[in-house]
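Going line by line, the protein sequences match chains A, B and C.
Reading the first sequence from the start, the letters are residues 1 to 218 in my numbering.
Reading the second sequence from the start, the letters are residues 219 to 461 in my numbering.
Reading the third sequence from the start, the letters are residues 462 to 511 in my numbering.
What the hints contain is simulated information worked out from the structure, not anything from laboratory work.
Backbone N, C-alpha and C define an ideal beta-carbon position, used for all residues, glycine too.
Fair warning: there could be bad hints in the mix.
Over 12 Å on every C-beta distance to chain B, these chain A residues come out as not near it, computed from the model [as the list claims (entries may be wrong)]:
(1) T41
(2) D71
(3) A109
Here are some, though not all, of the chain C residues that point toward chain B, as calculated from beta-carbon distances under 10 Å [claimed, not checked]:
(4) K468
(5) L475
(6) V479
(7) W492
(8) Q498
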Amino acid sequence: MIALLRRDLRLATRAGGGFGLGLVFFLIVVVLVPFGVGPQTAILSQIASGILWVAALLAALLSLDRIFALDHEDGALALLATAPIPLEMVGVAKAVAHWLTTGLPLSIAAPVLGVLLQLQPSAYVFVAATLFLGTPALSMIGTFGAALTVGIRRGGLLLSLLVLPLYVPTLIFGAEAVRRGAQGLDAVTPLLMLAGITAGSFALLPFATAAVLRINLR
Amino acid sequence: MSLWEYANPKRFMGWTAPVLPWVFGVAALFLVTGLVWGFFFTPDDYRQGSTVKIIYLHVPAAFMAINTWIMMLVASLIWLVRRQHVSALAAKAAAPIGLTMTLIALLTGAIWGQPMWGTYWAWDPRLTSFLILFLFYLGYMALWAAIDDPDTAADLTSVLCIVGSVFAVLSRYAVKFWNQGLHQGTSVPLATGGRTVSDVFFVPLAISSVGFILLFIALVLLRTRTEIRRRRVRALHMRESRR
Amino acid sequence: MIPDLGKYAAEVGLAYGVSIVLLAGIIGISWRQSVAQKRALDAVEARRNG
Chain A
1 MIALLRRDLR
11 LATRAGGGFG
21 LGLVFFLIVV
31 VLVPFGVGPQ
41 TAILSQIASG
51 ILWVAALLAA
61 LLSLDRIFAL
71 DHEDGALALL
81 ATAPIPLEMV
91 GVAKAVAHWL
101 TTGLPLSIAA
111 PVLGVLLQLQ
121 PSAYVFVAAT
131 LFLGTPALSM
141 IGTFGAALTV
151 GIRRGGLLLS
161 LLVLPLYVPT
171 LIFGAEAVRR
181 GAQGLDAVTP
191 LLMLAGITAG
201 SFALLPFATA
211 AVLRINLR
Chain B
219 MSLWEYANPK
229 RFMGWTAPVL
239 PWVFGVAALF
249 LVTGLVWGFF
259 FTPDDYRQGS
269 TVKIIYLHVP
279 AAFMAINTWI
289 MMLVASLIWL
299 VRRQHVSALA
309 AKAAAPIGLT
319 MTLIALLTGA
329 IWGQPMWGTY
339 WAWDPRLTSF
349 LILFLFYLGY
359 MALWAAIDDP
369 DTAADLTSVL
379 CIVGSVFAVL
389 SRYAVKFWNQ
399 GLHQGTSVPL
409 ATGGRTVSDV
419 FFVPLAISSV
429 GFILLFIALV
439 LLRTRTEIRR
449 RRVRALHMRE
459 SRR
Chain C
462 MIPDLGKYAA
472 EVGLAYGVSI
482 VLLAGIIGIS
492 WRQSVAQKRA
502 LDAVEARRNG
């Protein structure tokens, strides 16, 4: 499984692998927002944490269809299904690889980009922490979605339609945790819910993902 | 593939054919009675004026929007466990009905909201949850449409329905947390349902609700019959082209 | 006959109108699809048996 993880990471970080693309997309969205809502500090600092979360979510979405598509095209996925490691762990490995190449870098980049959005000083640590806690869930949920649409030609848009509603709870608790934490209010509940969603996703979705992969490989 | 792959679809077509007109008829009876009674023969509400009449549409539609998804969930489970085609096709058939019910609930809710809240849309937890449900229906229908092989489509959409249901429940809690804090009651009097409504409104509401339920049943039966035929046509076409 | 809907006449009317249109829509679409599939099935089966 480590080998699988390393292989996916290598694939993602070489040229054309999409590693930098997610970060650049994140930057572009963050830069676009002030053009859309106006440059006033008062407005930007109010919506900054939400924008960072939404932008991170969209950036994570961007690279989802790559998770299984390449392997499916060249038949490697069928081979993986017969490999000694259970297909459930393949799903986990894919999700972890996706997180290491999108969610984790995004969590680190977010506070930096927060400067552009006049993010409140008290919010920085919460932005990084919630993204760090929540983006693994986005990766696992996204991996499930990618498995669902792996056999569909140009299924990227359908993938987004399926995955985005599933992302809503993570987004709500993540953004709420930042909002409350930055104001000095109690943020324990949303943080716990966020951690719970991540934990629950990794506990349950690998089974759904494996089931779906088997269906698609028939 | 034999004539009808399993006896099940054939038997389904058999018993639904004579029953269907009756279900439609009784549904129409209850719907018309409930709506006419509610529209013409109930008083205005003290606070909400004549807009309370929207309740006879909004509440049953919202109720059916949720129940349709639950029916799809049960049908999906039956398909995955027992491989009964009628079950899978019934879930597929129900989705557009649920979508319509959700849309009616959203639109009547928004129209009702304008005089009550002063705005066509508010991110009230219930309305927001229905908006998310609307997206779930769309995704489910889109997945059915995107996959060629009927059995694969049935399998994938069933898994989506199950996973989606978990997230739908999770979303409900998240949305309540997001707008009003977990332990506050809803201040919006809109979707209180029949319980806290006085009798003069409750009876036509109940009748209208029964009408909606029966209409749903009639439409699911009709649409499932269509799906069975569609599947049969596809199977025969494929056999034709292979000869 | 039409009750005095007062100042909310437009809202109530719109709500009922929208709902009836949508209900008629799903019923109508379902009916049309049913007829179309029946016709297609009859045609294919006629070719098989004929």
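Hints, one by one, checked against the model:
no.: 1; hint: T41; in the structure: 25 Å, holds
no.: 2; hint: D71; in the structure: 18 Å, holds
no.: 3; hint: A109; in the structure: 25 Å, holds
no.: 4; hint: K468; in the structure: 7 Å, holds
no.: 5; hint: L475; in the structure: 5 Å, holds
no.: 6; hint: V479; in the structure: 5 Å, holds
no.: 7; hint: W492; in the structure: 7 Å, holds
no.: 8; hint: Q498; in the structure: 4 Å, holds
Violated hints for the displayed structure: none, as all numbered hints are satisfied.
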